[in-house]
Structure formats: C-alpha cells, structure tokens
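So the protein sequences, as listed, match chains A and B. In this text, residue positions in the first sequence follow my numbering: the first is 1, and each later residue adds one. In this text, residue positions in the second sequence follow my numbering: the first is 1, and each later residue adds one.
Because the hints were derived from the structure by calculation, they are not lab data. Computed from a predicted model, the values in this text were never measured in an experiment. It is possible that some hints are incorrect.
Said to hold, decoys possible - Think about it this way: if two alpha-carbon atoms lie no more than 35 Å apart in a straight line, the pair counts; the simulated DSBU-like pairs of lysine-lysine are:
#1 A:Lys125 <-> A:Lys37
#2 B:Lys782 <-> A:Lys82
#3 B:Lys806 <-> A:Lys97
#4 B:Lys241 <-> A:Lys121
#5 A:Lys182 <-> A:Lys145
#6 A:Lys30 <-> B:Lys82
#7 A:Lys11 <-> B:Lys82
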Amino acid sequence: MSQSDIIIEIKNLTKVYRDFWGRPKVQALKALDLQVKRGEIFGLLGPNGSGKTTTIKLLLGLLFPTEGEALIFNEPTTNVAKNERIGYLPEESYLYKFLNAEETLDFYGRLFKISGAERRKRINKLIDMVGLNHARHRQLREYSKGMQRRIGLAQALINDPELVLLDEPTSGLDPIGTAEIKDLILDLKAQGKTIVLSGHLLADMQDICDRIAILHRGELRELGRVQDLLTVQDITQIKVKDLPDSAIDEIRQVIERHNGNLVSVDHPTTTLDELFLRIVRESDQFPGRRHVTDRAKADAGSPNNS
Amino acid sequence: MTLGGIFNNVLDSIFLIAQADAAAATPQAASWLMNFMGWVYLLGDPAITTKGLLGSLLTWLKIIGLFSLVAWIGARVLQAIKDRISLPALSGLAAAGLVGGLISILLQVLQSTGRLALPIIGGVSPAIILAILSIIAVVVWLEATLWISMSRRESPGDKLLLIAMHIALAFGMFSGIYIVQNYASTQGIKISILEGIQQGSRMGLTFMGYTALAMLGFRLLQELRRVNPIRTMAIAWLSRKEATRRMWAPYVVTAVFLVVLAFTHWFLQPPRPAEMSRLFVGTLTLLCSLLITLMIIFLSPLSLPTDIQQQTIYTIVSKPVSRLEMIWGRILGYMTLVTLIIALFGGISYIYLIRQVNSTIRLTAAEAESIRSGNPLRATQLDEQAEQLTARMSARVPVKGSLLFRDSRGTPQIKGIDVGQELEYRTHVEGATPSKGIWRFGVISHPFDEVRNMAARDSGKPPGPQQYPILDRRVPVDNFLRAGTLEYVDNQIATLKAQQSKGVKGLESNIEALQTQRRPLANKDAELKAALKAAQTADKQDEINRVQGELALIHSDPFKVEMTFTIYRTTKGRVGEPVFASMKVLNPITSEQYENTFPVREYYTDMQTIPASLLVGSGGFLNIEIQCVSSTQYLGMAESDLFVLASDGSFFWNFFRGLMGVWLQALVLTSIGVFAGTFLSWPVALLTTIAFFIGGQVAFGYLQEFAIQAQTGGGPFESLYRLLSHDNQMADLTPTLAVVTAKTLDSLILPVMSRLVYVVPNFASLDVSNSVADGFAVTNDKMIGNALMAIAYALPFSVAGFFVLKNREVAA
Ligand SMILES: Nc1ncnc2c1ncn2[C@@H]1O[C@H](COP(=O)(O)OP(=O)(O)OP(=O)(O)O)[C@@H](O)[C@H]1O
Ligand SMILES: [Mg+2]
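Please put together the full structure from these sequences, using the hints given.
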C-alpha cells in the first residue's frame, strides 16, 4: 500500500481535558493508533462519551493533542491549507441561524474561494440533493433539527472534498432521510472519496462501513473489516427447507447420510449490536488497555472458506 | 543626579564626542565606535527617544517588543506549568527568588524611610545583594523551565529564538556596561559596575524584545501569505449580517439618532445665537461618536465568544480560513458598518446643520435690515451675530504666538492679573494702565526666559542664558504676500539684504534685478495714490472705487488677526458703552508699526485687518500688544485667544475630518474588542473593552502621569493609606509599618503598571470635534498623526488577537 493511500494517520493520539488551572479533568482519548485509507468508509463507534467527537476535533485542529499526533494527507492538523480538501459535519448543526440556506452555502463556498458561477451551480445541486428546495430562502433559525442536519451536510460537501468527516450524520433524521444519507455516503464512496463516520446507530453503520473502530472510554477496543468482525467462526449454520417435524430427531442422521435438501452451510453472523454490547460488557469487566490489531490485516492471509 | 539624568548626558556626550571628532577630522580609532554606541544606546534604552516620526516609531517598537517578549516568555512558562514539567528543585528556586525579592524591596523601603540602618558590605547594601541573588534565582528558574519545555517540543524555531535572545541580552549587557564606563571615564568620575549592569539589563531586555518581535513578525509574515481578500471579505460579510440580523445594531443606532435629532432644537438652546453652530456641531458629532462607540462596544467583543460558545466557529476553522482572516475580517466588517453609519449620520447632520445655521443667519440678517433705521444699535448687534455664525462655519487655520504680560507698573510677567474667578483660565490686564498682553511671533525664546530677559533689559542689564527650549512661532509670510505685489518684492529685497548683512556674498545682482522689478510697481502705486486723492477731493465715488480696485491689484491683501477676550468689570460703566482695547502690531525687524483702537465684543470674536506691509522683511517675526483702554475695566486673555488667521478652509472638509476622528476611534476600539474576544468570555470581554475606552477617554492624563510615576502622594497603595489616614498628598509620612508596606507594594506594582499604561490608547486625542465646532481647521499633520496612532494601536491588538486565537483550542 503506497503512502499516498493513507489519508489519515493517527499515532499515539492522547487527549486530556484540563480545567482552568491545568489540572486533568477527563482523559478522553488514550494512545489511539489508527489509519484510514483512501476510498474507504471508516466507522468510529462507541458509546456516549467514548471519544469519537474528540477524535474528529483533534483531526481538524479544533483541539490540540496532549500527546501523539495526527496527520491528514500527511500534513499536521494545525495546517489550515489541508482543509481545502476536507468536508466536516459537526455533531450538531452549529450553523449561523441568521442566514438562510442559500446564504449559508454561499458563505462557506466563498471561504473556499469558489468562483461565483461555480458556487451557484453547486448550491443548487446540494440544496436539491438534501431536499431543502422548498426552504432555501428561510433563515436557519426556523429549521427543524433534521433540516439543519441536511443543510449541515450540504455545507460539508460545498468544496467537493476528498475526505469527509461526518460526526453522527444520521442523528435527528427520519428513516427516509437516514436511508438517503446512507445512499449518499455510498455514492460519495463510489466517487472515490474517503469518509469517516461516527455514530452509535449500529444498524446503519453495519450496512455501509468498510471498516470500523470501536472506542470505549477513550480506548480502541476493536478495529477491522465489518464482515470479519461480525463473522462467528466456531459455529456452523445449516439452513434446511421443507423438513417435516417428525424428522427433527433424525436431523443429525439425515445430515450424516446426506439425505436432505441441503440449502447452505456457512458461518452465521451476529449483528453489530451484539458485538458492540459484548465489547462494552467485556471492557467493563476487564478494564485496562488491550492490544488491538487490525483484523483485516491479521486475517489477510487466511480467507474464511469453511 | 538621577540615573535617568546621567544617561541623558551619556547620549549627549557620545554624540558630541562623535561630532567633535568628525569636525576635527582627526581619524581616531574610537570615533566610529562611539557613533555606533550612540545608536545602540538610542535603540536599546527603553526610555530614550528622539524627536519626530523616527522617535515615535522607535518608542512604539520598543514597547511592542517588550510586550512580545513578556507574552512569549509568559506563554512558555504558563505552558510549562500547565504541563507540570517543572522539577521540585526548580519550583523551590523560583519561590526563593520571589520571597528574596520581596524581602529585598522591603529592606530598601525600610532603609530609605530611615526605619532601619543596614551595614554596608563592600560598598553595597545587603538589600541590593539580596535583590541580585533573587534575580539570579528567578533567572536560573526561567532558563531551566524554558529549556526543559523547549526540549519537550519539537520546535526548532523556538530553540533558535531562545538562543538569539541570549545573544541579544549579552549584547545589550555589554553595551550598557561599556557606555556607562565610557561615560564615567570621559567625565572623570567613578560609577559602580552595578549601574552598568542595570543599564545593561535595561538595554538587554529591549534587544530581547526586538528579537521576540522579529520572530512574531516572521510568523505574521508567513501567515500573511495565507490571507486572502475573498475569504476576509466573506468573514466581514458574515459579521455585518450578524450585526444587522442578530443584534439589529445599525437599526437601533439609526433610530436613536433620528429620535434625538428630531428633538435637538428642543434641548439645544445656545446661550448666545453666535454659539449655535458650535453647539450643534459639537452635539451632533458627540451623538454620532457616542452611538458608534456603543455599537462597537456591544458588537466587537461579543462576536468571537458567541461564535465559540455556540460552536459555530467549528465550521469556520475546519475550512481553510486563517485565524488572521477571522480577526481582520471581523474588523473589516464592523468598520464597513461604521463607515456606512458615519456617512449616513454625517450626511444628515451636515444637511441639518447647514439648513439650521443658514436659516438663522438669513433670519438674523433680515431682522437687522428691518430694524436698521429704528434701532441701529440692535441692528449692528444682529449683524455681528450673523457674521460670527458665518465665521464659525469655516475651518480657520490659526498661527499662534506666545503670550506674556506686563503688569500695571510695566513689570514683565508670565501671567496677568488673577481676578479670582475659579474656572477662568484667562488672566487679565487692567484698563488705562501700562498693563498689556504681548503675543510674540517668530523664532522666539520661551516665555519663562523672555520674562527674565525683558526685566534685565528694562534695568539695562545683559540678558541671561536660555534655559528653556526655543519656540518656533513664525508667521508664514509667504502665504500672505501675493507674488507680483509690491509687498512681495519688498519682502524679497529685504530678505536678501538681511542675508547680505550677515556676510553672504554675491547677492548684488539679485537685488538689482528685484529693484528693477520694483520700480514700475512703485511708480504705479504713487500714480494711483495721487489719483485716489484727487478723486476723494472731488468726491467721485465711482472713481474712488476704481482706483482702489487697481491699488488692490498691486498690493497684497491685508491679513487678519482674530481675538476673543472676556471683560471683567469692576464698575458698571455707562450702559451700552463698550470697553475699548488698543492693539499695536510691531514688526520688530523693520520697526514698522500699526495701531488701532476698537470696542471689545464680549464673547465674540473680534477681527482686525492689518496691512500686509507690516510683514515685509519680518522674517515671520511680529509682536502684537493688547491694552485695555477703559479705566477700571479688566480684559481677560489667554494665549490661544489671539491668532493670525493663516487661511480659511472649507467647513465641509473640516466636518468630514471630525467624522474621520470618530472613525479612527471606532477602529481602535473595534480592534480592542475583537482582541478581548479571542480569549475572554463575552461578559469579561465586554467589560474589558469598556474599561479600555473609559481609560483612554477619561483617565488618559492620569494614566500618563502614572506612566512617568510623577504623582504626588505616591503610588496606589500609598495614596490609599493617605486617604484612610487623612494625610494630605504633600506631607511626609512617618515610616510606620503600614506606610512601609504600602510603599513596598507600590514599588512592586508601579513599574509594572507604568508599562501597562501604554496599552491604553489616547481616545480623547483622536477626537477632533472640538476644533471643528470652534471653526478651526484640523490640519493634515494632525490627521496623519491620528491615523498613524490609530494604526499603531489597531495593528498590534489585532495581531495579538491572531496569536491568541492561533494558540487556543476553539473547541475546549
Ligand atoms: N470540552 C470538554 N471539556 C471536558 N471534557 C470533555 C469536553 N468534551 C468532551 N469531554 C469529555 O471527553 C469524553 C469524550 O467525549 P466525546 O464528545 O469525544 O464523546 P463521543 O464519543 O463523541 O460521545 P457521543 O456519542 O455522546 O457524542 C467524555 O467523557 C466527555 O465528557
Ligand atoms: Mg460525539
């Protein structure tokens, strides 16, 4: 994998929130190591307060790390020039309430020095895309939460970024909106963009993420390909069709004798929910740092085929 | 002699030696070194400066440099403390240094108040030794902390800077010691090495300040390459929208302005009709400045804190926006708003003013006309009022002289008679006595010197040496004498002849040429004067007018002298009978004189026209003497009450300049507000901005006194003690424990405060509306000076804001 394919490189990133006197208050992130590669959808998962938002803020230079460092496009986070290629949707839609949708996008577009004509084109496209055409001239203070979320997303895409950081993109959206956003994210991926998402709506993440990292209390608990993480290796699941009730007792024999209508034999997957709950429960039972390897890498040599 | 005095002399002696060497042209080895050291001293001593723009620039750089130094070291030390990197041994050292310093100051105060007599060890007081040890302890602690914290962070720039600072300190220290020792040896006196070290550290600190400033300047330049007008204007646009849509600021301000304007003529009743324009101009400018100031105070310090608090700033800093753009954009946005509002208010005020005053002038003139036959006295009064109003609606450029007096026995005095009116800054000359006020113009000695010299001359003794600086109060003769007129040519001839008498050779042909030029003019003059006489005897009005018109062509116009005197009456006098003043204008070079007696218009401006011939050959020198003719009456006058009117500018442009003053004030205040918002929560930022404004507007004089520590009654703690103990400000305090404590605290706080005072801008001096209201021109120099001053504050504040914002976590 060439160097330029690593979009985000996080090394030993640690963040301690301090009070006014410099005394440590919360250790929000403990020695995080991560890499995000070009073109993938990367999910940051974790319960509330686990450090997802802190990680994203550190990546953008909104916070300064206590230790360690993060590189985006191989640039330090304090370099504002790199922001030309980044789109960011904050956790809540912190936008200027006194502007309307069009003005908002126009303003952010100007911050990227996008020319007037191009700006108008993109604004129309984005407003259309997030479905706010009917409300484009209303000030954001009149927007519902979901509408704010949508304009926030449009704002994050105004510069056609290479890397999109979305902090809980689906929070506050209705099911249709959620589905639309998921489609949109997949669409962005298809355009070759890299996407980092955070969230705890696991079903959504399960569908779209290529890789996920699970954080708990500032520590990395799990990291790998969604498919690998959710595959249960030591159980074999057999799906059988049209088997009469009386035959249940004989299943083992029937199978031994290959005398049934065998549909499939494979490993079952749990849901991400179960994995998540297990990890949280385990790490509550056994606190302390655990070494996490990227399962994708560890398993790279042995594709599961049993 | 104080240390400061010594060093002033050092500078003199260094430059003098250098000059003497140059003059003697003896190639001494040390000459260039002396010259160099002179410059080093000028650049390095924080309290020394030169005249003019260079001097102001130097002082500015020194102060900004020292602030950069303190900020840089302070930030590093704070960071080190927050990172808990200090070793226990180091903390002990710092504590010991601080305690030692306190004890040393206490000892010094005790010694100086006579409560304690310490033995002198090796020619030095133990208090001083303790002070030095404490300083060493603190310095070692500082060094260790800085180096350790540097080694933890990978910042080659900072390390380089730290090394550069040490070089600067060493250089300053060396030059300081060298200069003091060199001065001591040229003067043949002995100065302790301690004073050299003290001077060296002062200079070292200044050079360290330059180094820190250079580093910050470098970082700023790097950032400047990122600053883009499109983005800055986008931020400006956002601030403007925020101000209008969230705060409703311009609407509120405009509404208040219009409401007040609508009722202006109700509560603005001028005490005299002639004061009307003055009152209106003053009030309208004040209203404009007040509203703009309020608007700025509520907009600029709130913007960044709310942006941070409401987290809207996240979407800005995650875009490619420089922190400098965030600051300058805001300033630009608010200043655009301010510009629009000032233009609006100024336009409305100007139209309102012109209409009001012009209609008053018209009405007054009409009334005068209607009653002229019935009540000529009242008609003349009304004429005067109209004339006064017209005079105030202009932009006069006064040439001011230097005033001194002779009292009723003819003795020279610096002041006239005090008639016991508390609030009156004018002093008086007594009527029908030799008492008079004398305004001198030209390159003249200071009135303190002149009063002494006049007394000496009166009694036939030679005048003493000058002790005060020479004043340049020359009348700009060339402005008054029109080219091609008789006076103009005469003046040129006189100037050349004066040079000739000083020994300048080879001017004969020039004088000859001028004489040739003069002859036809003189002939024409004689001709016309004869014709005028003939016409007058024949009483032919048309002819008189024609000849006078032709005479005016070859003569320069008479120049105007304006005066405003007050009258203090000891007897009522006869009702309606005016008090008379006599005026004598003397050209001290040619002894040509002009005399006139006129009735004094109380509170109004008197104007006298003086023939231009008086200026011929004066070289800008002129004496104007005013006496009171009416007995038992007193004429009150102050230096600015009489001036030669150099020219009359347009009132519109002057009014515009008055508004520019408001604009400059707003610029400085905006930068301060935005700066405060970069690191304070909004209520604190708001209070800080208000404090700055009040400090600069109201308390500036007091703060300046503070800066030079020239207060009577000691520093804040001593003053507090005096307040509580009912001691007056002059009394020497008995050195009780409380007094000693107060003095100790003062000596700790005063040096710090006196440096901090420079942070407060002189808002009052940016305000030129008084001159405008009085009908005096605001000069270009004044405007340029004020603009430079505004930039000198706005720039550092905004840049400081940038560094704060760059180094703070906006999401913490
Ligand atoms: N500004 C702050 N000051 C102090 N502590 C903070 C601050 N911001 C976050 N924290 C703490 O840091 C930890 C991580 O917070 P963070 O916001 O990163 O969590 P999160 O994973 O995004 O949670 P959520 O799912 O609720 O958004 C929490 O314990 C939180 O209390
Ligand atoms: Mg979060």
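So, going through the hints one by one against the coordinates:
1. A:Lys125 <-> A:Lys37: Within the cut-off at roughly 28 Å; holds.
2. B:Lys782 <-> A:Lys82: Given that 35 Å is the threshold and the Cα spacing comes to 46 Å, the pair is violated.
3. B:Lys806 <-> A:Lys97: With a Cα-Cα distance of about 25 Å, the restraint between Lys806 of chain B and Lys97 of chain A holds, given a limit of 35 Å.
4. B:Lys241 <-> A:Lys121: 23 Å, holds
5. A:Lys182 <-> A:Lys145: The hint holds at about 18 Å.
6. A:Lys30 <-> B:Lys82: OK: Lys30 of chain A and Lys82 of chain B at ~19 Å, within 35 Å.
7. A:Lys11 <-> B:Lys82: Holds: Lys11 of chain A and Lys82 of chain B sit about 23 Å apart, inside 35 Å.
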